[in-house]
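Chains as they are written, first to last, in the working numbering: chain B, 12 to 434; chain U, 13 to 556.
Note that these hints are calculated values from the structure, not bench results. Among the hints, a few may not be true.
Straight-line distance between alpha carbons at most 25 angstroms, and here's what the computed DSS-like set of lysine-lysine pairs gives [said to hold, decoys possible]:
#1 K379(B) / K292(B)
#2 K189(U) / K292(B)
#3 K471(U) / K292(B)
#4 K89(U) / K76(U)
#5 K235(U) / K272(U)
#6 K292(B) / K380(B)
#7 K122(U) / K264(U)
#8 K406(B) / K419(B)
#9 K536(U) / K292(B)
#10 K322(B) / K292(B)
#11 K239(U) / K292(B)
#12 K186(U) / K281(B)
#13 K264(U) / K235(U)
#14 K162(B) / K181(B)
#15 K281(B) / K189(U)
#16 K175(U) / K56(U)
#17 K419(B) / K380(B)
#18 K521(U) / K536(U)
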Amino acid sequence: MKVTIWGNELLAWTAAAALAESGNHVLLVTNEHEVPNEAETEFKVSNEPGLEQLITDSKACGRLKVGSDEEGVIHASNHILALNPDQFVTAERLVARLSQTHSSNLLIINQSNFGVGSSDRLQSQIGEANNQVICYIPDMLAEGSALQDYKWPQTYIIGCTNDWAMLNIKALFRPFSQAVKQWMIMTAKEAEFTKFANTGMLALRLGYINELANLADQLEVDIEVIREAMVTDPRIGPHYLHPGCGFGGLHFQQYIEALSELMSEARNSKLLDTVLTENEKQKEQPFRKLWRHYDCDLENRVVTIWGLSFKPGTASIDNAPSLKVINTLLAQNCRVQVHDPEAMGNIREHFGEQPNLAYFDNGYDSLKKSDGLLLLTDWPEYWSPDYDEILNQMKYPLIIDGRNIFDKEMLESLGFIYYGVGR
Amino acid sequence: MPANESVAWNDLQSHAYYMSQSHISTLFREETDRFSLYTFEQNKFLLDLSKQRITEETLALLIKLAEEKGLQQWIQKLFDGDHVNDSEDRPALHTALRTPADRILSINDKNIIDEVHSNLSRMEEIVERIHSGQWRGFTGHSIDTVVNIGVGGSDLGPFMACKALAENQADTAKSLKIHFVSSMDGSQLAELLSELNPARTLFVISSKSFTTIDTLANAQTAKEWLKKSSYAASEETLISRHFIGVSANPDKVCEWGIPKSNQLEFWDWTGGRYSMWSTIGLPIALKLGMSGFREFLNGAHEMDEHFRNAAFSENLPVLLAMAGIWNINFLNINAHAILPYDGRLSHIPAYLEQLEMESNGKSVDRQGNNVDYKTCPILWGEVGTNAQHAFYQLLHQGTEAVMCDFIVAARRYHDTNNPELQHQHQLNLANCLAQSRILALGDSVLEGAESAPAFKRYKGNQPCTTIMLDELNPFSFGQLIALYEHKVFVQSVIWDINPFDQWGVELGKKVATSLLDALGTERKQPDFDSSTNGLINRITERGE
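Can you make the complete structure from the sequences, with help from the hints?
Have a look at this one:
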């Protein structure tokens, strides 16, 4: 089939690569006239494992082309909108233009997170006669596993009530839907709400476990013991229940902010707003432990940070705790030595060359003369390090574990001073 | 020569004999263009004296009096750093606090403009650290609340300015709450502390001498509160993270425990009630950001330059002051109402009460002689539209002659899309103009008012000044306050008194200290006057 994909987001590139791989002729319009790049952070293909390679391959075989908006409009009658949440006006203009060119049998799959009711607003612009259909399929990709998520989904949530469009959607996603357990068909508005509801639920769980962890800190209880017991309850389950120094990422945060705003406007509810505010504080929790350990004076301390991306498996530093912690440490006149397996390029680009910030390609080198190690991202390579080497390098054996990946007892037996989250 | 023995004074007295018979409404009938004759403007700042009981002759005589009193030389002395505060043998250089960095003013061989600006830079560092969320409390959380503890000049100015300029708040200050605590009895502080989070609260202890008992008592309470609410952190750590000291007496600040790094300085040549332009203005800078604070200084500097250079006949502070002299000394009006028609200026009456009454509430001239003329009148005030429902009855129909200052901004809400608020501003303006019109002109503004019964008549003839800003912003607010400062100075020159000392507030402190012993735990039988003894005994009985 022929498809035009509009956008410069993770979803746009992932869908383009995956659809081209499975035989479709895909034209991707990233930031031509109709899709100005309004996003603050441009999406980086290289942040996502496997994606860059697949794009290169698909381009090489000619099935994926990045083109202009004029080409995009006429290339196909199937369109996917994978725009940034603040590009609704762009979407409106685009829909108007597409409906003029394709006066019948036009399928526009909106996967942008414009908020509840926005797909209907786009539809109302063009009317539904002659099968000019706008439907909504939520973007369920997680950064770090986007290709996997796209190619092997468990469930499809489809916001579409037009039979002709449904037929086309099923055809388009046939290569990926062989193992799909459920097709959830509903209205576009309901699908948009579902996306919001899921995201909010996850944020609430993370917010709750972090709040519990902070309480455990004060009551001197180990949150890990509590958490392990909690997850045995089938009503609760294990997902999104790891305490840590806050969640980040571009999309997750954007979605929750949008939902929080909606809840606050429509319901005067502060529920998610509180989660977001607390999460921002949580990102600095490792800093606060260091601060208190050194009696509120970090002047000229050498501090090492391991883990800069917002989560393991991605080079993305969008809304990552590391950004806040580095800023704060620099403001306290520390010398900051950082390491990350993937995100060094991004972090260097973000902070540039600064006298008190040193970038290391080797984690152990970054520990030289350090007064404290803050672990902020639980990359696999940090889970079981060479403790002797750490002790050798550091001036003072202090570890602040923002993801609770280390064994507290063992570290203490080796002579480390250890602080975790809620333990 | 005493003020009232000069030629101009005598001429004014003769002139006043004639003018005191006249009514402002008659003056308006005789001079239909009074507004253009008696309105003066300085960079968007308007002073309307047309509703004063004056004529061109009055103004000419008043200017003559100012000249005879050597006002120009006194202005020069003030700006040059001469010891115009003779009883304390020091200059009064609040004007230096708002002088641009490229100027030079040497006092004791030091360029104080440099010192002023280096302290402003230090203040800027503190403001930026707090605004960026990088001033951290003992838990490592960002400070989000600042409590200014000070009294008098270390409270009234910043308190007034923060309220007046709240709409000009810096974006970076949006999440910062600023509170003011002054009362000695701890009632403000106790209420506030019950709501604050100690981990995120920073106290600014502002005191020129750093010995003011009111302030130190509140500071001590704040310190103990922090100590109780924090675990493990030492007192030294708590103070270094939660206290800033602003003072002209750094040794005392150190003694209290605040390290040098947390101190901001000003100088003994800054009078307390003239100190808002110095580092005492830290809360203002925290509200407006440093660029807003510098705008505020620029506005005041602009008024300084105008005061220093403009001819008396068009010099706003001089004219405002001399209109006051006319009312007080020649028309025998001894009450002065400050009537801002702007809720944001609600604290300006309290501020001017201190500025005017603490500066010029004196009866001994610079030679040490008792004066035999009136000096500072009684000042009070309230937001005009509220005062209309309170003391305006007296202004309109009472037996007291009162001069009134109406302060209002011509524009407000013009850049919002809120027609309701725009309408409210019009309503406010209409009331401002209506009240000054009736107070000055009386019911002559109505047709056939003469036929009304006596209790419905409005005699008018209360002299009114209108100060109109284009809009209230840091710059115009700086102009406004500097206008009043210089007005006070001009009047002090005419009265030949020192406006920069305040010996009248000292004795009370001493006597209070001696009474403290009588009220303490080791009480002796009090040995004061019978009233004081009786009251002490009553307190003692009730306490047992």
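Does the structure keep K471(U) and K292(B) at a Cα separation of 25 angstroms or less? violated, 65 angstroms
Measure nothing beyond the straight line between the CA atoms of K406(B) and K419(B); if it is 25 angstroms or shorter, mark the hint as holding. Cα-Cα ~20 angstroms, so holds.
Do the alpha carbons of K521(U) and K536(U) lie within 25 angstroms of each other, as the hint requires? With a Cα-Cα distance of about 20 angstroms, the restraint between K521(U) and K536(U) holds, given a limit of 25 angstroms.
Keeping to a limit of 25 angstroms between CA atoms, is the pair of K235(U) and K272(U) held or broken? holds, 18 angstroms
Is K162(B) within 25 angstroms of K181(B), Cα to Cα? The given pair, whose Cα atoms are some 14 angstroms apart, holds under the 25 angstroms limit.
Holds or violated: are the alpha carbons of K239(U) and K292(B) at most 25 angstroms from each other? Given pair K239(U), K292(B) holds - Cα atoms ~23 angstroms apart, limit 25 angstroms.
Hey, K322(B) versus K292(B), does the alpha-carbon distance stay inside 25 angstroms? Roughly 17 angstroms separates the two Cα atoms, so the pair holds.
K89(U) paired with K76(U) [C-alpha distance capped at 25 angstroms]: holds, 20 angstroms
Between K536(U) and K292(B), does the CA-CA distance stay at or below 25 angstroms? Measuring from Cα to Cα gives roughly 56 angstroms; hence the hint is violated.
With a cut-off of 25 angstroms on the C-alpha distance, tell me whether K122(U) and K264(U) pass. holds, 23 angstroms
Can the restraint linking K189(U) and K292(B) be considered satisfied, given a maximum Cα separation of 25 angstroms? holds, 18 angstroms
Satisfaction of hint between K56(U) and K175(U), Cα-Cα up to 25 angstroms: It holds: about 22 angstroms lies between the C-alpha atoms, which stays within 25 angstroms.
Of the hints listed earlier, those the structure fails to meet are numbers 1, 3, 6 and 9, in rising order.
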